[in-house]
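A.B. asks: As you go down the protein sequences, you meet chains P and X in turn.
In case it helps, the UniProt record's numbering puts the first sequence at residues 1 to 799.
In case it helps, the UniProt record's numbering puts the second sequence at residues 1 to 184.
Treat the hints with caution; some may be incorrect.
Said to hold, decoys possible - The calculated label-pair distances, taken between Cβ atoms and stated as ranges, are:
| id | chain 1 | residue 1 | chain 2 | residue 2 | range |
| --- | --- | --- | --- | --- | --- |
| 1 | P | E142 | X | V152 | 28 to 36 Å |
| 2 | P | E38 | X | T83 | 29 to 37 Å |
| 3 | X | D21 | P | N114 | 50 to 58 Å |
| 4 | P | V4 | X | V152 | 53 to 61 Å |
| 5 | X | D132 | P | S479 | 52 to 60 Å |
| 6 | P | P252 | X | R5 | 16 to 24 Å |
| 7 | P | G27 | X | F2 | 41 to 49 Å |
| 8 | X | E131 | P | N141 | 29 to 37 Å |
| 9 | P | E112 | X | F2 | 25 to 33 Å |
| 10 | P | D186 | X | D119 | 34 to 42 Å |
| 11 | P | E142 | X | Q170 | 30 to 38 Å |
| 12 | X | D164 | P | D124 | 46 to 54 Å |
| 13 | P | T421 | X | V74 | 52 to 60 Å |
| 14 | P | S479 | X | F2 | 49 to 57 Å |
Calculated directly from the structure, the hints in this document are not laboratory data.
Every residue gets a Cβ at the ideal spot worked out from N, C-alpha and C, and that includes glycine.
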Amino acid sequence: MGDVRVVHMGTRLHYPVTITRLLKKPGDAIEARQVVFEYKFSWQREIEEGRFKEETSYADFESPAEGTLREWKIEQGEVVKAPQPYMAIEEACPHDVQLGNMCAKCGKDMTEVNFATAEERDTDRANVNMVHDNVGLVVSNEIAMSNEYSAQKRLLSQRKLSLVVDLDQTVIHACVDRTVAEWKADPSNPNYEAVCKTKAFTLTETHDLVYHVKMRPGLSDFLAEVSEMYELHVYTMGTRSYAENIVALIDPDHTLFGQRIITRTESGSMHAKSLQRIFPVSTNMVVIIDDRSDVWPHNRPNLIKVVPYAFFKGIGDINSNFLPPATKEALPVALPGANGSAANPGPATTEAQPPTAPDADKAVLAMRLKDDEEKLKEQAEEQEKDLQQQVEDRPLLHMQEELEKEDEAQGEEPKRHILLTDDDEELIALQDHLTDVHKAFYALYDKRRRQRKSGQAPQHKPGETKVRRPSNDTGVDLSLVPDVGDILENLKQSVLEGLVIATSGLVKGGRVEYSEIGQQAQAFGAQVVDEVSKRITHLVVSPTHERSEKVRQAVRLRSIRIVSQSWLVDCLSQWRRLDESAYYVSVESLRREEAERRRKQGEAGSGSVSRDATPDEDDPTGQLDLGDDDDMDDEEFRKLLDLDSDEDFGDMNTTTDDDDDEGSETDDDGSSRASDADLKSSQESEAGTNNGASTTVPSRTKRKKPSGEDTDGESDRESVMAKKQRIARSRPSGLRSEAVIVENGTGPDAGDESTTLPTPGTNGGDVVNLDRGEEEIDFDEDELERDMEAAFEEAGGDN
Amino acid sequence: MFFLRNMERRVTLHPSFFCKDAHDLVIDNLLRDVEGSCSGNYYIISIMDTFDISEGRILPGTGMAEFTVGYRAVVWRPFKGETVDGIVVSVNPQGFFAQVGPLKLFVSSHLIPDDIRWDPNATPAQFTNNEDINITPGSSVRVKILGTRSEVGEMWAIGSIKEDYLGALQDASETFGGAALDED
């Protein structure tokens, strides 16, 4: 055994010190606290107030370590000015694996602290948690590194990656509602078919509660196939025994997960999961699948968020007491039932959405919010209470009864209502994603290796005689390992690239950019904004907000696609930009109202003098993406335009065509028209300023705009950063649309007749709108007031 | 190592239990509280008998009665250098954990003979010499304790199998009357 440790002098000496005598020779044995050298130092003694006298003191230096002295790093007579290493000592035991403050190699107590060791504690020599199922065992950084590298090498040679799997609502759904058992025993029950696939176990620590577990459809195949590409780990916030029971169900012969299970007992944090707990050195080869992304604050790049699996409707994650309270902006959905399911025109996967928490659950949620900061024990009690409540409340039974009652109330024939359906398809998509990631990872890795090889080849000098040792290339080179986080990001970014998304009703309070759904959409390449403006391409609407103010605004701006939330959810789940046509929200009635209103406006403003187009005049409320900060925006935008139109005008047609090829046809129509208007107006306004004519008119409207913007009450909250991003994003679309203008030679409204979009509102109101004059601006103020009121009520309704 | 040890404990009894069977209740309480507990240095395995139950003394304020009970119990104290038999509960690249009766014991991979290596590819992962020895969860092992550490209510130990006659036991019947069998 020979581990050389270099010992430092520490900061406690009175530097500078002079080494007067070295007491040991290399090769000598040193005991702990044995004096190894003597030194002297000078210092100021205060004789009386304000008077000092310099004195020289002599002192001994005790060794904090024991072992055999290898080498002195200092010399006799040397003046040491600052802390520095003074000796290398060969230790019998490096204490680099410790269990509960005891060296696991020699059994020595690591908590012993004395004067000599106070600066370098033995317990600090091992502080990395490496083992899944025990928190007491810690190792040193060096060991952690060598272990992880050897693990990575092993994975590389097997061409695998690591996959960290969450249990609850990701691969299984568990509940303790005994209704399940009753349904299971009753073949005549409409839910029998779905329920009979559940499995059950009991835990002694929760007083023999029966847990009913439903595996996500296709789970065993999924795991079997994924385990060919990934080494699987379980990371759950459930208890150890819970996790072990679940794993026994999904992996009965322990071939998939082995012992790689980590639970809340070992997690080290009550609220968050951390990859560093299992992979302290490098997470380059780790992918996570979880239904909650907020529990992985530091590992988002590695995370594949899956749609939560909610088989037992209305019952969330039974272990979520230990997680931060779910931000259940999560997409309220009508209960699938006799008349509920018709509301969603989307494909079958929409059932995969999390159901709204029923009232009971909301109460629980509030409770969870309350004790978020309290201790683990209390949370455990809380969970027990929740479980108990679930047992007593039997939410499933109630929901089933309600379903049937609803029917009776409507006087329909009583028919069999199936509350629980088993049609989740998330795992299929998930498996595809995982395969893609795996493929991309190894493609990149192989490419890098090829490059390295070909790059190295010329290094051989032509006449070199020395025979190089043939590199034993085992297909493994750690330095070339790409980061799976980057790969994931690349894969995701392209999905919704170029889209600008606003939401209505999805996020309650706070900015959508920071919300869960917003962050996800951003991870997939979309730009997320709060406001409805011409720049946005999609407005994502929750079923409860189909008539909100934002939707009205979007209806007015005909280029925006108004889609239901399931579109976004499905896109994020399938990693594809889905065709919106199946998800359009019906806005016909709104459009009619709008047309009606505009017609009235038109009548009121019919006496107006028609004048040339001013910025945003086709936008009745002045709802451009212009806020207080807008003047600058416009300015920049114009500058940009100026520059571009002078220089590359000719090229633009081609670039536009290229750009248009991405994405679906309809979309480009929409987005380009959106920016058409934008662009045209700013162009024109510039022309106005240049000519010196009609300058007053635009400026007047401009001043009004902010107040119009305030109907939403959010405009001025946009950060500088977001603004810059916005400007940057608007550039290509601006160019593109300009080219389109040139091509068509028409204004923004010209394309409307030909478009096949379901959203556009080509109603009579528009024509009138074009002719609106200056007087109408005054009229706008009334309208603004109304809008503001409406928005205010809207906002009030939300909360 | 097992010891027979005389000890004393104060047991309190709620007033609602004051009756002619109070002494039995005291003994019940004692058994429930003490048996299987760890007092830091040793585990109390079993109470043989109680030999002295004092008069009850009413505690001011609560009305509870306090009895001082003398009892004799079998205790087990693991010693440094002692050889024990245990059952492996989990293995990892760093070593393996074994349960020796109530005691959790860790054997680091440094203290496993060099020919027995960590094999992560086996299912389940195990320490093996690729011949007759493999250490997986459930294996019986004979371990020499290198050090123990205790805290209130908990003990753990470090062990080694890097010596003659230590390591995996081929056959469960080989296990002699060690703690592992006693406790299970």
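A.B. asks: Take the hints in turn and mark each one as holding or not.
C.D. replies: Verification of the hints:
Judged by the Cβ atoms, the range 28 to 36 Å given for E142 of chain P and V152 of chain X holds: they are separated by roughly 33 Å. Judged by the Cβ atoms, the range 29 to 37 Å given for E38 of chain P and T83 of chain X is violated: they are separated by roughly 46 Å. Checked against the hint of 50 to 58 Å, the C-beta distance between D21 of chain X and N114 of chain P comes to roughly 55 Å, which is consistent with it. At about 38 Å, the CB distance of V4 of chain P to V152 of chain X disagrees with the hint of 53 to 61 Å.
Between D132 of chain X and S479 of chain P the Cβ separation comes to about 39 Å, which falls outside the hinted range of 52 to 60 Å. Checked against the hint of 16 to 24 Å, the C-beta distance between P252 of chain P and R5 of chain X comes to roughly 45 Å, which is inconsistent with it. Taking the beta carbon of each, G27 of chain P and F2 of chain X are about 46 Å apart, inside 41 to 49 Å as hinted. Evaluation of the 29 to 37 Å hint for E131 of chain X and N141 of chain P yields a pass: the beta carbon distance comes to about 34 Å.
Between E112 of chain P and F2 of chain X the CB atoms are about 30 Å apart, so this pair conforms to the stated range of 25 to 33 Å. As the Cβ distance of D186 of chain P to D119 of chain X is approximately 49 Å, the hint placing it in 34 to 42 Å is violated. Taken as a hint, the range 30 to 38 Å holds for the pair E142 of chain P and Q170 of chain X, whose Cβ atoms sit roughly 36 Å apart. Against the hinted window of 46 to 54 Å, the Cβ-Cβ separation of D164 of chain X and D124 of chain P comes to about 36 Å, which falls outside the hint.
For T421 of chain P and V74 of chain X, the hinted distance range of 52 to 60 Å is satisfied, since their beta carbons lie about 58 Å from each other. Between S479 of chain P and F2 of chain X the CB atoms are about 56 Å apart, so this pair conforms to the stated range of 49 to 57 Å.
In summary, the structure is inconsistent with hints 2, 4, 5, 6, 10, 12 from the numbered list given earlier, while agreeing with the others.
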